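So in the working numbering the end of the sequence shown lands on 126, straight run, no missing numbers.
Calculated directly from the structure, the hints in this document are not laboratory data. On a predicted model such as this, the values are computed, not experimentally measured, just so you know. Cβ atoms here follow ideal geometry from the backbone N, Cα and C, with glycine treated the same way. Be a bit skeptical, because a hint or two may be false.
Here are the in silico distance ranges between beta carbons for each label pair [what the hints assert, rightly or not]:
#	residue 1	residue 2	range
1	PHE79	GLN37	32 to 40 angstroms
2	TYR113	THR26	18 to 26 angstroms
3	GLU44	ASN18	13 to 21 angstroms
4	PHE47	ASP25	33 to 41 angstroms
5	ASP71	ASP25	15 to 23 angstroms
6	PRO50	ALA125	38 to 46 angstroms
In the DSBU-like style, the derived pairs of lysine-lysine whose C-alpha atoms are separated by at most 35 angstroms in a straight line are [what the hints assert, rightly or not]:
#	residue 1	residue 2
7	LYS40	LYS116
8	LYS69	LYS40
9	LYS116	LYS69
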Amino acid sequence: MKAKPKRRTSKTDVEGPNIRVAWNDTQSLTASWEIDQRHKEAIEQRFAIPISELPFVIRLYDVTDRMIKNDGLDTYVDFDINFQAANWLLYGIESTRRYCVELGVRMVDGRYYSLKRSDQILPFAG
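With these hints in hand, go ahead and build the complete structure from the sequences.
The following block contains the structure:
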């Protein structure tokens, strides 16, 4: 009998910060994240900048009609955040849409680096 092969990991299965999204009310979401010291050090090494000086953003994706493909056609909005806060309110949300969020770093020149993406949140069922 053959042993069951181990499942291969994908790009979305990487270790990193933990990020979640939840409905706050019908017009806003709360994004929250946790990053342990080991991941903070890895982020600092990756960018060669102290973590307190990195320009963190929450990227809110609308995934109602289309999965994220990173082909320039994704619908998203960036929210500049205070990384130390551990959660952020995101306004301008439609209760009938599906969303996910991504914690990332957007450099001054506009380059964006994803750190971790949340699971999707279904339309509000309040």
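Those earlier numbered hints the structure runs against, lowest number first: 1, 2, 5
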